[in-house]
Structure formats: C-alpha cells, structure tokens
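Top line first, the protein sequences correspond to chains A and B.
Here the first sequence stands for residues 214 to 305, numbered as in our numbering.
Here the second sequence stands for residues 6 to 257, numbered as in our numbering.
Because the hints were derived from the structure by calculation, they are not lab data.
Glycine included, each C-beta is placed from N, C-alpha and C at the ideal position.
Check each hint, because a few of them may be wrong.
Cβ pair distances, simulated, as ranges [stated by the list, open to error]:
no.	chain 1	residue 1	chain 2	residue 2	range
1	A	A291	B	E231	22 to 28 Å
2	A	G286	B	V185	31 to 37 Å
3	B	L225	A	K278	22 to 28 Å
4	A	Q251	B	G210	46 to 52 Å
5	A	M214	B	G23	51 to 57 Å
6	B	D68	A	T241	45 to 51 Å
7	A	K278	B	M64	34 to 40 Å
8	A	D258	B	S112	28 to 34 Å
Here are the computed lysine-lysine pairs in the BS3-like style, where the Cα-Cα straight-line distance is at most 27 Å [as the list claims (entries may be wrong)]:
no.	chain 1	residue 1	chain 2	residue 2
9	B	K179	A	K287
10	B	K183	A	K252
11	A	K278	B	K179
12	A	K278	B	K169
13	B	K179	A	K252
14	A	K217	B	K179
15	B	K147	B	K179
16	B	K146	B	K118
17	A	K252	A	K217
18	A	K254	B	K183
19	A	K254	B	K179
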Amino acid sequence: MSVKVRFFARFRELLGTDIITEPQAGTTLSALVLGIAQKNKEGRDAIFDEQGSFREFVILMRNGKRVETSDAGKTAVADGDEIAVFPPVAGG
Amino acid sequence: MLSERELERYKRQILLFGEEGQERLKKSHIFIAGAGGLGSPISLYLAVAGVGTITIVDMDVVDQSNLNRQILHYDRDVAKKKTVSALEKLQAINPDITINAIDATISADNVSKLVGRADGIVDAMDNYPVRYQLNRVALEKKIPFFHGAIRGFYGQATTILPGKTPCLECIFPKAPPKEVFPVVGATPGVIGTVQATEVIKYLTGQGSLLDGRLFIWDGLTSTSEEIAVCRNPSCPACGDPAAAHTKPGKKK
Chain A
214 MSVKVRFFAR
224 FRELLGTDII
234 TEPQAGTTLS
244 ALVLGIAQKN
254 KEGRDAIFDE
264 QGSFREFVIL
274 MRNGKRVETS
284 DAGKTAVADG
294 DEIAVFPPVA
304 GG
Chain B
6 MLSERELERY
16 KRQILLFGEE
26 GQERLKKSHI
36 FIAGAGGLGS
46 PISLYLAVAG
56 VGTITIVDMD
66 VVDQSNLNRQ
76 ILHYDRDVAK
86 KKTVSALEKL
96 QAINPDITIN
106 AIDATISADN
116 VSKLVGRADG
126 IVDAMDNYPV
136 RYQLNRVALE
146 KKIPFFHGAI
156 RGFYGQATTI
166 LPGKTPCLEC
176 IFPKAPPKEV
186 FPVVGATPGV
196 IGTVQATEVI
206 KYLTGQGSLL
216 DGRLFIWDGL
226 TSTSEEIAVC
236 RNPSCPACGD
246 PAAAHTKPGK
256 KK
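Build out the structure end to end from the sequences listed, making use of the hints.
Take a look at the structure:
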C-alpha cells in the first residue's frame, strides 16, 4: 500500500515533504511518522519526545481529519491515506 | 452618512461593496491585539479602509530588531512606546477615524474590559497564552476572532465565528514551546493582510470567510494550502452546545 506524508513549516524544513511510503499492513500512524522522522535527529526531536510519543502541540491529520496524537499509536494507516503533520506557528 | 470627502477617499472600494458597505465599516469597532509584525499591516489596512474605530493594544517599546517587519514603526521611533508610534502613524494615514492606542499587557484580568464592545478581535499576538484569552473573550462576547500567526516564511490564518466554527483551542489545544522566532517582514505582511481582508469581508458581508478552514502559507515555496478544521465537542473553551451563533456580515 501507498501512504503520503506531508510535513509543514519547521517540520518540512527538517524532513522534507510529500513523502510517499509503502508501509506494511497494520502500521500505525505513530510508527509511520516516527520511521520517517528518524532520518533526521532534529526532525525527530521536533515532533517526538524521548519516549517516541508525539509532542503535545503537534497537529496530525489523516485525509483532512484531525487524529488525536494520543490515538496515533492505535490507528493503522490504509492504502491511499494522506497524512499531514504540522506545528502551530506562534509568532506575530 | 458619508461625507463628500469620505465618498472620494473610499471611491475605489465603494465600487466593491457600495456606500452601505462603507457605512458599515465606518460604524464598526475593531480590536487589534498587538502592534508588532502582524498588527502593523492589519492596523494600516483597516485604517485606510475606513474602519471607524480601531483599538490597538501593546505593552512594548520599539526595539531596533523590530524594524525588519513592524512597518508601523520607523527608525526614529526606537525606544518609543509602540502605542505612541502606532497612534501617530494611524492618525496620519487616516485622520477621519478614531484610534484608541492602549499601552497595556493583555491578561485574564483586563482582556474583557479592553475588548469592550468591539465588533471583532484581531489576533496579532506572538504567543498562545494570550491568544487563548482572546479566544475565550471572543466566545463569551460572541464576536468573531481573526487568528493569524507566523514563523520564518510560514504563516497560518483562520476566522473563528463563535458557535459556528471551531475555536482556537479546538484547532490548537496545546501551545508550541516559546522561542525567539525567525521572521522576514514580508511573512506577517502576507498573513496580516489576509486577516485584514477577513475583517473587511466580515464587516461588509462579502465573499466567504476562512471559517472552519485553516489557511497555511509557505513563502519558501510560494504555496498555500487549506485544511478543514472541526469543532472539538469536548473543547474546554467552546464545548458548550448552547453557544450562540454569529452570522458573518450581520451587525447589530
């Protein structure tokens, strides 16, 4: 199956975007994003804490719908999914 | 009634929304929280559009490092209160409107009083704790809240209509960590003008607002996207189903 992961803002600078992955059946949202983020330590640390859990401010969307990051570890991705990961920006 | 001078001054936008729309702008009161990177283009464009009363609040003084983006403030204003500088520029650019420039730190204790009976709140802050307070007051007073935020070349904006759209806490329940954020002045230029456009549309009843939509601008690639955002039924700020409905373009 094929799943597209899109990063935004700071996450995009660190990890790129529109990454097409081919995860195995049953792969969770958390595992998928963590797998991609691993390639850049700064990117991983921006999105995940030491335990590998999403940082609390990270916004996660699946096909345009919000997924609570606390549910991402039990939500399996499906073929054709588009996952968006972004941080709120704060400046003004 | 619009004066001859006003009819001439606003001629090119009266072509868009008529004298009625211009009258609505004139009768409106908009509250702008912050006179910095976002507050500069927002207040300038709302002032020249003829929004009758603008309240702008800031607690800071102009610093040299503000000048790459805070276009309300000039080199000569360094060390002046931002409110003093803002008042001078906004009155000079449009002497026909009323500007209230208030030197204050927005807090839970004063936010409701500061906003008063404004018709809308524009978010030009640089931190989430104060944004959350503005969001709560907008919900309480049932007035729209025009959110914007930036970092680097990136920005986001959405328009919150209490009772109708998700509120700021539905969309961003947790604040990102504090930082000295990098920024190029054109980025708050883009997002601030999106916010000012939203305010003008809301007040004159034109077009479709960014309600329930998060606009995301990536200046590095010159692309924009939008993400549909939904209400969180258990949102600590707006989870009350009895929350009232605010219609765009309808003014009391």
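Kindly confirm whether 31 to 37 Å is satisfied by the beta carbon distance between G286 (chain A) and V185 (chain B).
-> Because 33 Å falls inside the window, the suggested range holds.
Taking the CB of L225 (chain B) and the CB of K278 (chain A), does the distance hold inside 22 to 28 Å?
-> Because 26 Å falls inside the window, the suggested range holds.
For the pair supplied as a hint, K278 (chain A) and K179 (chain B), confirm whether the alpha-carbon distance does not exceed 27 Å.
-> Given pair K278 (chain A), K179 (chain B) holds - Cα atoms ~18 Å apart, limit 27 Å.
Keeping to a limit of 27 Å between CA atoms, is the pair of K183 (chain B) and K252 (chain A) held or broken?
-> holds, 25 Å
Falls inside 34 to 40 Å, the C-beta gap from K278 (chain A) to M64 (chain B)?
-> holds, 39 Å
Does the structure keep K278 (chain A) and K169 (chain B) at a Cα separation of 27 Å or less?
-> holds, 18 Å
Decide if the proposed pair is consistent with the structure: K217 (chain A) and K179 (chain B), CA atoms, cutoff 27 Å inclusive.
-> holds, 25 Å
Straight-line alpha-carbon gap K179 (chain B) to K252 (chain A), limit 27 Å = holds, 26 Å
46 to 52 Å as the expected CB spacing between G210 (chain B) and Q251 (chain A), which holds or is violated = Given a distance of about 50 Å, which is inside 46 to 52 Å, the answer is holds.
Does K179 (chain B) pair with K287 (chain A) here, judged by a C-alpha cut-off of 27 Å?
-> Roughly 21 Å between the alpha carbons, so the hint for K179 (chain B) and K287 (chain A) holds.
Check the following: the C-beta atoms of D258 (chain A) and S112 (chain B) are separated by a distance inside 28 to 34 Å.
-> holds, 33 Å
Take a quick look at whether K252 (chain A) and K217 (chain A) sit within 27 Å of each other, Cα to Cα.
-> With Cα atoms ~16 Å apart, K252 (chain A) and K217 (chain A) stay inside 27 Å; holds.
No hint from the list above goes unmet by this structure.
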